[in-house]
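Visitor: The residues making up each chain are set out below.
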Amino acid sequence: MNFGRTLWRNGIKLRGMIFFLMFYLFLSVYVDLRLLYYVTGATVGISGFPCEWSYLFETLSLPGGLVKYVSVFLTQFFMFQWIGPVVVVLQVWGIALCIDRIVEKCDGNWFGWVRYVPGIVILLFYTSYVYHFETTMAMLVMLGLFNLYISVSSEKWQTSLVWFVVLMVIAYYFAAAGSLLFVVMCGIYELAVKKQGIVGVGCLLFGTAVPLLIGVYGFGVSHIEAYSELMPWSWRIMKYDRLNRMIPWLYGMYGYMPVCLLLIGFLKESKREMRSSKRNSKKKSRQKMWRAGSDSSNGVIKWIAHTVVLLGLAGGGAYYFVNDQLKTLYEIEYYRGEGDWQKVLELADKQPGQLLSMQARNQALYHLGRFGDEMFKYLQHPDGLMLSHDVFTKSYWHKYDLYIDLGLVGQADEVLTESMVAFWDNPFILKKLALLNMISGKNQTARVYLRALQKRLFFGEWAEEYLAKLESDPELRGDNEIRRLRSLIPKEEEGRFLAAPEMQLKAQIENGKKNKMAFEYLLALYMLRAEMWNVVEVAGRMEEYDYEKIPVAFEEAILLNNKHNEKQISLKRLKIRVETKQRFDEFVAATIRYRTKDAAQSELAAKFKNTYMYYYFYGIPEQ
Amino acid sequence: MSKKYIYTIPVIIVVVIGAGIDVFFERDMSEEIFDFVQVDREARIYPDYSMIVIPPNIAAMNFAVCEDGELYCVRIGSGKDGEIELFSRTGKIVIGEGQWSSLLEQNKGGKLEINIFCKGKDEKWLRYDTIRNTIASEDIDGHLVYRKIHPAYRTWRDIGIYQRELGSYAESVVLDNSYFEGGCLNCHAFCNNKTDKMLIGLRSEKYGSSELIVNDGQVNKIGTKFGYTSWHPSGKIVVYSMNKVYQLFHYARKAEYRDVIDIDSALVYYDVESGKVKRCEHLSKKDRLETYPAWSSDGKYLYYCSAPIKWLTSKMEEITQEMVEAVKYDLMRISYDIRQDKWGEPEVVMSAEESGKSSLEPRVSPDGRWLLFCMCDYSCFPVYQPSSDLYMIDLESERADGKFVYRKLDVNSEASESWHSWSSNSRWIAFSSKRMHGSFTRTYFSYVDVNGVASKPFVLPQKDPSYYERCLRTFSMPELVVEPVWTTKETLGKVVRGKVDKVVDVPISSATIKNKVWQERE
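The listed protein sequences derive, respectively, from chains A and B.
Quick note: to get the working numbering, add 116 to the position in the first sequence (first position is 1).
Quick note: to get the working numbering, add 1293 to the position in the second sequence (first position is 1).
Keep in mind the hints are simulated off the structure, nothing from the lab.
Here are the simulated SDA-like cross-link-like pairs (lysine to any residue), alpha carbons at most 20 angstroms apart as the crow flies:
| no. | chain 1 | residue 1 | chain 2 | residue 2 |
| --- | --- | --- | --- | --- |
| 1 | A | K571 | B | R1766 |
| 2 | B | K1787 | B | E1498 |
| 3 | A | K558 | B | R1766 |
| 4 | B | K1756 | A | R567 |
| 5 | A | K723 | A | R711 |
Part of the chain A face toward chain B, derived, beta carbon under 8 angstroms:
| no. | residue |
| --- | --- |
| 6 | S170 |
| 7 | E341 |
| 8 | G526 |
| 9 | Q527 |
| 10 | E530 |
| 11 | T533 |
| 12 | M536 |
| 13 | V537 |
| 14 | D541 |
| 15 | K558 |
| 16 | V564 |
| 17 | R567 |
| 18 | K571 |
Facing chain B, a subset of chain A residues (Cβ under 7 angstroms, in silico):
| no. | residue |
| --- | --- |
| 19 | S338 |
| 20 | W351 |
| 21 | E534 |
| 22 | A538 |
| 23 | Q560 |
For each residue, glycine too, the CB sits at the ideal point set by N, CA and C.
Required output: the full structure, derived from the provided sequences and hints.
Guide: Written out as structure tokens, the structure reads:
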């Protein structure tokens, strides 16, 4: 058997397999859908899946509920690196199959390539970390129903209309305003492909009225929701930057199938008109030539060429939309949540000047016990400690881990609650809220979060464990981590309002509290702001903590202060290391050698760039 | 096989499975209880529906028995015929609505007893002490209107004003933010517990901040948002507050980290007929914070809260905890003659100096007898104050001897109580309490007898007794109304999305009061 012909005949399937395999591998290995699920702030619209009948009934009681229900369920698998992409690939494959059938039924075999278009667009969505799973699910369902329609519709316009009405009602119930795609496709199919004007117009008119009749008057939804829910123009998509970033592509994906149908109809019409023997004979000879070609190695070459073009388009698009910076930020948040501080450090190194990375890196350094020693090995900025810049006022999701670490439970409560609302009851946020309330001793509130989690797929076990703990040990004395974090919480009688991070940190080390992280952060904050008078106040308390030796950066700050300021920092037990003193003296000597700071910079940068003295001398580096 | 059968078979399978499930869950668990061991205490039930006064027209008060057992039997009756007997394997007791409403209707003014039996693994029955309740003679208003939101501070997602038919579990939307693309809904207010006159405040990036006014079927959009609002009983004027709000966070306060202050506030009034906003100098003093207006039932007095401004700045960092904790509101009233549009002189009803607390949210009962308000240690926002409790003043005795004497109600808890409202017959109050779940506010009811004694409160019943255990929303500003809101959400939504048809000029020129979008509050 001729290999070329075999390949050509089965090539479509093989090409498809290669495409979907590459798609899957790209999502699993590079994109990592876990980042969308785990990282609060990566997207909106991902919530937990309540395994409750009441949730099922509530969701199915409104149009679009079925698509939403299934979408929420399937999205839970994004939690798993290798399973989430399977879900997406299956969705894309389902769309491709539907398109294949549509094209076949409409005699549009030249349009076979369109099966990959939605897949490529969806690939671009995930490459950009934009979540449109529900909308694309609605599209899949509509394509499926359209397939059904073209199977059952007949030459009799009455039969076709009846079937359209039945399927349109089902379509609206399944996918709310997503059913408008079904309306448009049926209308165009009847008008352009089957040339049944009455049916086509009937489809368009009746179909447009269904959301009003069933949605508004039947289910009682708003007019806005009736005509926009699950569609690209839904305010639920337009409202959020994280969702409307790739809106033109979403529109394109929705619009291209109706356009293809139009083209198929137009081309069919053209073919009919151009029926002539001369053309036929030319066509026959072309077909002969084509057959002759496929008999030879040309078949293989063609197959390879088509496959390369397809993969090239997909790969090129992904390459264009790849956003390493964004991915790195999400990975940082992910590993921060997992407590993999070494990994956070490595990732933050990719974006050294980014304040979000800086904040995570500093937190990682602290957890690795290296903050005071190594902080100036990296770029630093006062806002890179606690994201205190105004631009981060609403960056709730970046702050709560740090607030919990510092014992600032009030602030953590605030940002977590805002995050819960902004990011749709993400189960990880509910988990943190439950923990936070248990740390605060607010067991009643914690139970609400725990019971909500108890019904969430994949989170029930954790919630049940803590509910049982609360029953047997309401004070949670057996949980060391909770006890440790609880010890950081300030006493109630010390209540005050604290707006600025400095005030928050200060309050955590006063009145005999030994919050070492707050101490180091406060000292670092004053050092970064070059407020030596404050450095004096704080550094002098170092011996209250369990330091065996003074961290390097703090040593340098002490030396700097003691050289230039009257008020000295003197410690009784802890001593400055000889090597630090030596390095400091060398730095001072070097500065004296040059007339200006600029002149000294290259030598100082070469030897002392990773020191506090350099930072103090040259200020905050440009970023 | 024909295609018809291919499609039919799955349908048949689903039907059979569904029927099987139904049969399983509906199977008869009842059995005769001949012997039991008496337990000398009441069974623990959730929610706590023991020793309460029940409205005769309330929905079935389903509950869960929180005792260990394999089978539960609950008998609900009044000592006469018509006892309801229920069995449950899980402890969840769901009472038939028809049986319940008949039982209550037939025993108005009588008692309601709940007897609970639990069968353990040893097949022995335990019987707990009878839970005794009273069925009031007076109905509660048929509907409750409230706002359901997440307990966030600055962010919102799905916000709606809902109405619940108290005789059933039916909840419907009055207006939610899907009708105006995700904006924010604020306070709602009714005139005389009726829904023919209604106000709803809202904010929207796309459609602006405005107030919807429903007046005898007509819906209009006023070009400014009202704060706390009170209709004059005549329905001709509305007093509302303008508040410049600041949100604060306590560094260390276990029960509630959040707090709110009004940097500035004042009261103005809106003439419904002319569409004009007017000012009374006593209600908008530059050195005072005025808020929470509430008309007396005869419309002759406006009750409100007033506190001296303790700062001369609007900069957050200059406002200290000491300044904030010094803010304590006096409860005031001022007379008003609607025919002449004339205000009297303000008088102090409850001074902060005397009580040592901040008096907030006055509401006068429709019969004019009682003034219900809350007091907390300081502040203008009692829902964030764990110390907030409900108090009552007998206005009849004030009329007799000229003294306002307040007393604390027995409905209070360690958590915040606030946002109270009266039923039209002055026999029931609805209020918000955080006693159940801390951060999450739930709606409670209490019966108030002719002497002003309030009974033990109970939470708004839900079909699923465990509903509140997982509910991540708060029920805010419960208002009792005698009828449903007839204006449809479509109509309200359309007006929101439309143009302002009542432009107003706000006659306040204070430096800090501006006609801007206010911060969202719970």
